[in-house]
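Peer 1: Using the sequences provided together with the hints, build the complete structure.
Top line first, the protein sequences correspond to chains H and E. So the first sequence is residues 1 to 204, counted in the working numbering. So the second sequence is residues 205 to 408, counted in the working numbering.
The set of hints was computed from the structure by calculation and includes no laboratory data. It should be emphasised that the depicted structure is a prediction, and the values quoted were computed from it without experimental measurement. Where hints are given, some of them may not hold.
To be verified - Which residues of chain H face chain E? A few of them, derived with a C-beta cut under 7 Å, are:
1) Val99
2) Asn100
3) Pro183
4) Asp196
5) Val202
What the hints assert, rightly or not - Here are the computed distance ranges between Cβ atoms for each label pair:
6) Thr296/E - Glu164/H: 28 to 34 Å
7) Thr152/H - Glu255/E: 51 to 57 Å
8) Ala24/H - Leu262/E: 55 to 61 Å
9) Ile390/E - Thr194/H: 28 to 34 Å
10) Glu164/H - Leu262/E: 35 to 41 Å
11) Ile390/E - Ala160/H: 28 to 34 Å
12) Asn408/E - Ala24/H: 38 to 44 Å
13) Asp168/H - Leu262/E: 26 to 32 Å
14) Gly12/H - Glu360/E: 46 to 52 Å
15) Lys28/H - Leu217/E: 56 to 62 Å
Think of the CB as a built atom: it goes at the ideal place given N, C-alpha and C, for glycine as much as any other residue.
Here is how the chains run, residue by residue.
2 protein chains.
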Amino acid sequence: MVGETLATSLAGLGHDVMMGSREAGNGKAKAWAAGAGGKNGTFADAARHGEIVFNCTLGSAALAVIRLAGSRNLAGKILVDVTNPLDFSTGTPPSLSIVNTDSLGEAIQRELPRTKVVKTLNTVNCNVMVDPRRVAGKHSLFICGNDAGAKTAVRELLEAFGWEDIIDLGDITSARATEQLMPIWIRLWGLLGTADFNFAIVRN
Amino acid sequence: MVGETLATSLAGLGHDVMMGSREAGNGKAKAWAAGAGGKNGTFADAARHGEIVFNCTLGSAALAVIRLAGSRNLAGKILVDVTNPLDFSTGTPPSLSIVNTDSLGEAIQRELPRTKVVKTLNTVNCNVMVDPRRVAGKHSLFICGNDAGAKTAVRELLEAFGWEDIIDLGDITSARATEQLMPIWIRLWGLLGTADFNFAIVRN
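Peer 2: The following block contains the structure:
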């Protein structure tokens with residue numbers, strides 16, 4: 001769902017988008033490609049295709065998918081990581097499988113040392129990701145990663161989605177800070193009965 | 205610092221405040237009491253004195269202080285827990301010593317089964333706690349705990365400080381969600397160079 005929402009929006013903005021799946025003939029990816037004028041293929045195909053690659057997988061599958069995509073296919077490229085390490089095995093609400101002194105963003109960066117991992121968008125629902133104006137008023141998005149140039153390139157994509165208050169938290173270790181917003185996000189989601197909300201950092 | 209700021213503000217609002225310390229003759233507590241027209245004593249004295257007791261201790265000391273205060277002295281009362289389980293032993297930024305599937309708020313509630321623990325104020329600097337208007341614009345404060353009546357009583361105190369958008373996240377397990385805001389709070393503090401900021405939950 002997250003991948004489809006982002007892919008549709010990026011295709012609509014004129015980008016040449018390929019959706020990767022575990023299998024080349026994945027029916028949903030094929031249907032998406034046909035409908036949105038995009039392409040589809042394996043995770044490795046998509047990794048080879050993209051200059052900027054979005055990781056929109058389930059947190060518990062993220063590292064396995066990264067390995068299927070292939071570190072060689074992602075070398076020198078930007079990987080935008082929008083995942084959260086949600087662990088549903090401990091019941092509801094989910095806990096985090098990587099937390100506190102590590103994060104999924106860092107684990108992915110360790111797995112892909114030649115790739116510029118940028119963590120962002122993981123603190124909002126996918127509809128808000130591509131259309132921040134769904135939530136009225138000023139609200140904030142976080143970005144972090146080790147490569148300044150990669151963050152600038154991703155910031156441009158985010159601005160094309162309509163994001164205005166994009167806060168650079170620093171290097172990829174800041175993924176700990178944004179992934180740990182999930183517990184409150186999930187409780188607020190239950191409380192508000194909608195995913196159309198967001199955090200704002202209010203400052204003078 | 206947190207205790208003094210809250211105590212001064214509560215005394216100014218007309219409350220009969222006693223500041224507890226490890227030792228009855230603590231110089232800083234004595235000086236505070238003389239200056240603010242309050243009282244001072246041991247943690248046990250303060251627990252006996254208060255109808256609503258604020259736990260403003262260092263996270264790493266919180267449970268030890270609660271034991272010094274005495275569960276019997278706190279039975280039937282409201283304990284407002286404003287602490288965070290920050291662990292500076294792992295370097296800077298600090299990690300959390302209790303996290304993910306547990307929280308310091310829950311640990312304190314388990315230690316004090318006959319006390320109504322209300323977790324709140326732990327997501328803002330102490331100056332903002334007692335004067336939310338230091339941060340311009342609408343921003344949010346979280347509250348959680350198992351006892352609805354206790355939350356209502358604490359909400360009235362928070363409103364007296366000037367808080368308007370107070371979000372009840374549910375029972376004390378929601379302390380996990382607010383304590384896990386510390387990692388991003390600390391990074392934002394470094395980034396903004398001031399503690400005069402806060403989270404807002406922006407919704408339609």
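Peer 1: Check the structure against each numbered hint from earlier and tell me which ones fail, lowest number first.
Peer 2: none
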